[in-house]
Amino acid sequence: MSEEQGRAGGSFEERLDAARDRHGLDRAASAERGSGGPPEGANPMAVGLRVGVELVSALVVALAIGYGLDRWLHTRPLFLILFVMLGGAAGVLNVWRLFAPRGGGSGRRTG
Amino acid sequence: MAAEKSTIDALGQFHLDTGLGAIGRSVNFANSNVMMVVAAALVLLALHYGMRRRAVVPGRLQALAEIGYQFIHDMCVEQIGEEGKRFFPFVFALFFFILIGNLIGLFPYFFTFTSHIAVTGALAVLVIVLVTAVALRIHGLHFFSYFWPEGAPVVLAPLIVPIEIISYISRPVSLSIRLFANMTAGHVMFEVFATFMLMLVGALGAFGYVLALGPLVINIALMGFEVLVAFLQAYVFAVLTCIYLHDAVHLH
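Line by line, the protein sequences give chains X and P.
When we follow this note's numbering, the leftmost residue of the first sequence carries the number 1, and every step to the right adds one.
When we follow this note's numbering, the leftmost residue of the second sequence carries the number 1001, and every step to the right adds one.
Some hints here could point you the wrong way.
[Claimed, not checked] Across the chosen pairs, the derived CB separations fall in these ranges: (1) X:G68 x P:V1192: 50 to 60 Å; (2) P:F1014 x X:D17: 45 to 55 Å; (3) X:V84 x P:A1152: 16 to 26 Å; (4) X:G48 x P:I1008: 24 to 34 Å.
The set of hints was computed from the structure by calculation and includes no laboratory data.
Beta carbons: idealized from backbone N, C-alpha and C, even for Gly.
Next up, chain P with everything else stripped away, as it sits in the complex (with noise of 0.2 Å):
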């Protein structure tokens, strides 16, 4: 039977590929890189078109730029504090990288670049390194006291120092597998529905054609609740940010 001989490939998806021809060859230019040039290239476009005529009464896109900028202000401030602002434009560069990255991975024939860990871990040590130095800077070697709970008991301290530079340190872990797991999954998902479609029609021909049916239904809702996700990893990411430069900010 065709079924037993063709194998579920679920993750050659992300199989890095060079992009942009010969050149990207001889430079090591991967499609993952397009990628995100892509996405960088659209914020910045989306950004230049919507606030460019500067309207009362703004236009569709000018909408969109200044909701976004509202929002991502508004979860700086609300986070953070009011010093929240100063670091705005990290958050929202690195929402809407990740939202749009995120969302052009869902189109046909694009790659997903949030579903390699080696992205999202760049984008989580490049949090983690800012949330320190942040601290370090504001703090100074009073920073170091984030890692001692006050009030416990000196006998417990190498049990506890320990524990909090383990909990410290698996930030940028947890923050960068729960971005690449998500992702990953999703697209995972849709290939194996999708290729349950091709074995169906090719295990039993015409009947497999309407059987196919199932899948297909299970992968359009799937693809609903991969738009969600991509919304809601993004925002994950950006307030867990957000939450940490609070921590970095106010110490205790």
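Isolated chain X, as found in the complex (with noise of 0.2 Å):
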């Protein structure tokens, strides 16, 4: 009787999500709203090849940036150097932004 009325208790909504909930229905929604990246986080093949992406493209952005000033302000090496390392440091950032929670508190802009 007392299982009956907790079972009572609680708006249509709750049990609804309730019942959804042990029948696996709202699983892949939940899932995919949790995670910041693209349902492949599964698949760590897919998730190394993503994380060696972003860290080499953002290194070649960079080192396209360093040459072209260089070029352009005749001081090489200077800003090729400079821009590596400027470029290793956002392709950390892109990773970190990979993993990055999305939503909630300060760590918001993530992408």
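Taking the hints as your guide, dock the two standalone chains into a single complex.
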């Protein structure tokens, strides 16, 4: 009897959510909301590839900027060296954005 | 031995050729372009014939069109927010163009235009230009505060601002490299294992036919995997576009 009352308590929405959870209907949706990245998180190979691409692309952009500045200002290799370091940092930042949880607090701006 | 003579020409399949015969040759209309037109036409035809009947209980083609619409619509609203509906046509076109491009590349004699970084790069640049334009339109010059995390010490400005700018510019690069690398890698693997079969037969004769079953089985499994990759990469491209648009609309 008490169990009956406990189940009857709570709104219809809550009970519906509980029932959907029991049958695993909402799992996909809630999992997607929870994590920041795309749902390929389950595949370690894909995650590794993504991290590698993020690191390399930041470095490529930084190299291009550094090389361009050097050509323009005739200061080779000053900006090249500077921007390689900045590019590495930007790559780490990209990877951090990849894994930082989206939404909530100051870490809001991820992408 | 024959196996030593034959080399693996894994990248020859990505060679651009002219399509459409003499007309294509005269205007440099490549086989890649033919496939782009085919992909766009396939999407348009599927949508046109899918939505023609407008039955209450959808048929197969109509269900396909409706599921595609619903899928992208949900993605836009979930990732960007209510404003995401305005970007729905763009994301829809992008997703299905890339998806069909990935998929028709899996057929023999077809060309995978998404395996060329010029194509994926152009798509990524299109995305990033749109994202930047949207951000500038909505937020005006306030957009540039995007490169400055709130509450950071001012002393670090010369360090943080370039890093943020590089990070922002690296988005289209990583977006295009990811799609291009995935498609290219898959097709190179097809070619390598297919060449193994020819090499085995060439080197070992009748016994080679038996051994060649190994690479054949691998290629069949690879085909299933590539279909998955085709969907996944189109999805990743579209979902990242949505995330960037979200950043452009909401800034912080």
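Here is what the structure says about each hint:
G68 (chain X) and V1192 (chain P) have their C-beta atoms about 37 Å apart, which leaves the hinted 50 to 60 Å range violated. Separated by about 50 Å at the C-beta atoms, F1014 (chain P) and D17 (chain X) satisfy the suggested range of 45 to 55 Å. Here the CB-CB span from V84 (chain X) to A1152 (chain P) is close to 23 Å, well matched to the stated 16 to 26 Å. Evaluation of the 24 to 34 Å hint for G48 (chain X) and I1008 (chain P) yields a pass: the beta carbon distance comes to about 25 Å.
Checked against the numbered hints listed earlier, the structure breaks hint 1 alone; every other hint is satisfied.
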